[in-house]
Amino acid sequence: MTGKILYFSLFLFLVRGLMAEPVLAKGEHANPSLPTEKRTAQTASKGPSREEPSVTHHSIKVKGRMINYTATAGYIPLRDERGNVKAGMFFVAYVQDSQGDKSSRPVTFAYNGGPGASSVWLHLAALGPKRVVLTEEGKALPPPYQLAINQYTWLEFTDLVFVDPVGTGYSRPAPGVKAKEFFGVEEDIHSMAEFIRLYATRYERTGYLIFCH
Amino acid sequence: MKGLDTLYFATKYTVNHLELGPGSRGNITQAFYEAGHQMYTDLPSLKKLSGDAAAFFRRAAASP
Numbered sequence: 013m014t015g016k017i018l019y020f021s022l023f024l025f026l027v028r029g030l031m032a033e034p035v036l037a038k039g040e041h042a043n044p045s046l047p048t049e050k051r052t053a054q055t056a057s058k059g060p061s062r063e064e065p066s067v068t069h070h071s072i073k074v075k076g077r078m079i080n081y082t083a084t085a086g087y088i089p090l091r092d093e094r095g096n097v098k099a100g101m102f103f104v105a106y107v108q109d110s111q112g113d114k115s116s117r118p119v120t121f122a123y124n125g126g127p128g129a130s131s132v133w134l135h136l137a138a139l140g141p142k143r144v145v146l147t148e149e150g151k152a153l154p155p156p157y158q159l160a161i162n163q164y165t166w167l168e169f170t171d172l173v174f175v176d177p178v179g180t181g182y183s184r185p186a187p188g189v190k191a192k193e194f195f196g197v198e199e200d201i202h203s204m205a206e207f208i209r210l211y212a213t214r215y216e217r218t219g220y221l222i223f224c225h
Numbered sequence: 288m289k290g291l292d293t294l295y296f297a298t299k300y301t302v303n304h305l306e307l308g309p310g311s312r313g314n315i316t317q318a319f320y321e322a323g324h325q326m327y328t329d330l331p332s333l334k335k336l337s338g339d340a341a342a343f344f345r346r347a348a349a350s351p
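In the order they appear, the protein sequences are chains G and C. End of the first sequence sits at 225 in my numbering; the numbers just go up one at a time, nothing left out. End of the second sequence sits at 351 in my numbering; the numbers just go up one at a time, nothing left out.
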């Protein structure tokens with residue numbers, strides 16, 4: 013069960029057991045708090061990284077079966093080698109409620125290509141538990157916009173973490189950090205890999221990871 | 288059919304030129320959707336995508 017990678021035409025990568033023993037970055041905690049001087053700077057400039065995540069509980073009926081799940085929306089801070097926050101990465105996670113062993117339940121990290129797009133389409137049109145109601149031709153309806161239960165949500169078979177690449181959606185560089193530090197293939201790989209490592213560590217989902225791009 | 292930013296043959300070309308060994312080549316699954324690049328805007332394509340993904344996950348979980 014080591015280093016298995018599969019590839020899907022939708023650019024799905026599956027790695028199982030790769031992060032069986034995650035290494036915590038120096039100074040990284042399960043619930044990271046910033047050093048005092050950084051906290052002041054963050055507060056003054058309304059930086060995105062310190063906010064507590066929002067956690068809510070939901071139930072939907074999909075194909076006749078109830079799915080109970082917990083939605084978590086929040087930020088995970090990316091840090092440089094000195095521990096200073098570089099960016100706040102915004103995510104929305106949907107995790108099925110169960111008493112069983114989480115290690116056999118896949119978790120999918122879903123994101124559109126940065127720096128161009130946030131994960132909103134994957135989130136609210138394709139994979140998520142609710143989707144925006146569109147016309148039969150896939151066009152937007154006039155307001156008021158509506159959400160419907162997504163009968164084809166992937167939550168049926170995997171937990172989902174939607175991530176906005178830095179500079180898209182709600183993910184932003186920290187004050188004083190240039191956005192272009194995150195724009196590019198290598199930059200995208202680094203920030204996304206770091207996010208996945210931090211998320212998997214914080215939420216203890218290190219057994220079974222799937223990446224969807 | 289794909290959008291102009293994710294060309295059909297460019298995708299096939301990329302997959303065909305990953306220089307994978309025979310052992311890894313079988314790990315690649317490709318699926319195609321009438322609705323193209325934003326296949327989820329079309330309900331039948333959204334349904335197919337979910338089914339394809341579920342099957343992919345099942346195979347992945349079952350393989351050693």
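None of these hints come from the bench; they were simulated from the model. Be aware that a few hints might be false.
Think about it this way: if two alpha-carbon atoms lie no more than 30 Å apart in a straight line, the pair counts; the simulated DSS-like pairs of lysine-lysine are [as the list claims (entries may be wrong)]: (1) C/335 <-> G/75; (2) G/73 <-> C/299; (3) C/299 <-> C/335; (4) C/299 <-> G/75.
Results of checking the hints against the structure:
{"no.": "1", "hint": "C/335 <-> G/75", "in the structure": "holds (15 Å)"}
{"no.": "2", "hint": "G/73 <-> C/299", "in the structure": "violated (37 Å)"}
{"no.": "3", "hint": "C/299 <-> C/335", "in the structure": "holds (20 Å)"}
{"no.": "4", "hint": "C/299 <-> G/75", "in the structure": "violated (34 Å)"}
In summary, the numbered hints that this structure violates are 2, 4.
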